[in-house]
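> These protein sequence lines are chains V and B, in that order.
Start counting at 1 in the first sequence, then tack on 2, and there's your number in this note's numbering.
Start counting at 1 in the second sequence, then tack on 152, and there's your number in this note's numbering.
If you are wondering where the hints come from, they were derived from the structure by calculation, not from laboratory data.
If you're wondering where the values come from, they're calculated on a predicted model, not measured in any experiment.
Among the hints, a few may not be true.
[Stated by the list, open to error] Derived lysine-lysine pairs resembling DSS-like cross-links, with alpha carbons at most 25 Å apart: (1) V:K345 with V:K329; (2) V:K329 with B:K342; (3) V:K295 with V:K345; (4) B:K290 with V:K329.
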Amino acid sequence: MKRLTAAGSWTAAHANLLEPLIDAAASTTAGEPSLLVDMAGVTHFDTYGACLLKRLQRARNARNEETRITALQGRFEELFGELQETPPGATAPAPKAGPLGSAFEFLGRATIGFGRDLVALAEMLGLLGRSVVRVMGNPRAFRLTSTTYHIDRVGWQAVPIIVLITFLIGCIIAQQGFFHFRKFGADAYVVDMVGILILREIGVLLVAIMVAGRSGSSYTAELGSMKMREEIDALRTMGLDPIDVLVLPRVLALVIALPILTFIGSMAALYGGGLVANLYGGMSPDIYIARLKEAISVTHFEVGMIKAPFMALVIGIVACAQGFQVKGSAESLGRQTTNAVVKSIFLVIVLDGLFAIFFASIDM
Amino acid sequence: MSEPIIHVRDLVVGFGDRVVLDHVSVDVMGGEIFGFVGGSGSGKSVLLRTVIGLLAVRGGSIEVLGTRLDTASGSARRAIERRWGVLFQQGALFSSLTALQNVQFPMREYLHLSPRLMHEMAAAKLEMVGIRAVDHHKFPSELSGGMTKRVALARALALDPELVFLDEPTSGLDPIAAGDFDELIRTLQKTLGLTVFMITHDLDSLYTVCDRIGVLADGRVVAVGGIPAILESPHPWVQAYFRGRRATIVQSRIANRTS
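Produce the entire structure from the sequences given, and follow the hints as far as they go.
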């Protein structure tokens with residue numbers, strides 16, 4: 003019978019040194035029918051030590067060799083016994099597919115995810131429509147206070163940043179216009195470009211993107227954390243529809259606020275353009291306004307404004323649908339918030355493209 | 153058994169004008185299970201959070217495992233923090249990691265282990281607290297309340313600490329699960345030689361697992377000792393708590409069980 007003598011501190015701090023010793027002991031004693039491990043010299047012993055000792059025993063048992071452990075003191079014996087009762091090892095996680103397989107898996111999951119997203123958006127639109135119809139039938143169910151509160155948050159409180167950004171963009175467009183158009187003496191047409199570009203496209207698009215980042219993300223995070231803490235389930239059990247209580251006021255607030263913000267933003271951009279025209283292009287305010295009057299018509303203004311509420315609807319629906327998809331973890335809240343912003347900005351731009359085709363075909 | 157592991161003297165903690173702990177002194181001996189009770193808002197959790205260093209101290213001293221924590225340097229603190237484990241009331245499991253990864257997290261940070269040993273150890277810890285192998289790769293959101301507490305306990309025990317802090321370990325569990333959990337704490341305490349500092353509301357836990365009990369009321373420790381000593385305390389809150397209807401029922405049930 004072979005005999006091994008153990009000594010010292012068999013604890014977590016020394017586990018990295020003990021492990022190779024144990025594995026060496028397991029391989030060098032191969033072929034010995036029985037082994038005695040004398041643990042009398044062990045001063046400290048914790049679950050790490052116990053686990054490693056267990057590993058030695060298990061490795062030998064697998065070869066049908068006997069291992070006896072002796073002289074484990076008092077509590078150590080108990081600890082080792084406690085561990086012995088548990089079945090060896092846990093199931094390893096499912097094996098991963100190869101690089102090609104995982105690429106296909108990713109593609110498949112992404113496709114399914116895309117399909118599910120579309121269904122979720124359609125579902126949210128449908129639920130919202132049903133909620134609107136229900137509220138129209140019973141105006142008392144409409145949450146006026148909540149809606150006003152959200153208009154304040156996404157509309158009024160967003161005015162400073164929207165004005166600042168659109169003003170700066172207006173300035174930049176005008177400056178670039180003067181700088182490049184001057185080369186072929188087309189200074190006067192800068193005003194046409196500024197006016198049409200801002201009223202038709204830039205004003206509404208910029209404001210929609212800002213709002214998606216600013217308010218869409220907060221909608222997703224709010225609804226997501228409410229979902230995580232079962233507040234939405236609580237609402238449901240009280241006989242209230244979360245769509246009526248949470249989604250309708252939020253989306254409606256966006257639909258009301260976005261056109262107003264678009265108007266304010268466009269005006270700020272035109273003002274910025276005018277300022278640059280005066281300071282950089284040497285064009286007096288009177289001439290700027292006169293040129294603007296000639297260059298733009300109500301149609302241009304309408305084209306921009308008509309788009310605003312639809313973009314608001316897209317942002318609101320995407321944000322709320324993503325919020326309801328949040329699962330239990332903090333990570334999923336972060337992921338859905340990112341998704342909400344990315345997807346709503348993407349859809350806003352797609353929508354803008356569709357509107358461009360539409361307006362072109364009706365000569366607007 | 154005689155050495156105090158936690159030695160708190162004249163601890164004062166407050167928020168703004170409100171003083172929550174007013175000159176609290178308490179000693180927890182090595183190898184015992186010390187239970188702390190007190191009404192809601194009496195500052196039990198504040199005491200625990202102060203001892204583990206999450207809240208600032210206004211006055212007094214805290215000594216844990218022989219080191220003055222209120223004046224210790226950052227590195228001395230971290231050395232002590234490795235030697236204790238904390239079970240938070242809601243478990244505080246990292247939601248983006250699986251049960252097994254949660255237990256491995258402290259090992260990964262503090263010990264230089266091979267991936268194989270780390271996997272084995274984490275699995276062994278989870279088995280010890282009674283989590284079956286099929287649940288090892290679940291995320292915290294997929295675990296039940298009792299399982300969450302067990303995984304959190306396994307994480308608190310990941311580095312084989314000498315001292316564990318438990319914040320209401322049995323709250324939110326059904327009586328059977330709570331009883332099992334008490335038993336688990338008792339077994340682990342015996343086999344691992346742990347010192348346990350627990351906050352609880354659970355009369356059953358107080359009677360069955362705690363060696364000594366401290367009662368916190370009005371920002372002070374009004375009674376300390378074993379159950380018989382506590383029962384003799386004249387403080388009205390202690391009387392209401394331990395002589396109330398529920399306490400009497402628990403007492404008679406435990407008397408029946410032991411006889």
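> Next step is simple, just say for each hint if it's right about the structure.
Hints, verified against the model:
1. V:K345 with V:K329: 19 Å, holds
2. V:K329 with B:K342: 39 Å, violated
3. V:K295 with V:K345: 37 Å, violated
4. B:K290 with V:K329: Between K290 (chain B) and K329 (chain V) the Cα gap is close to 14 Å, so the pair holds against 25 Å.
Comparing the model with each numbered hint stated earlier shows that hints 2 and 3 do not hold.
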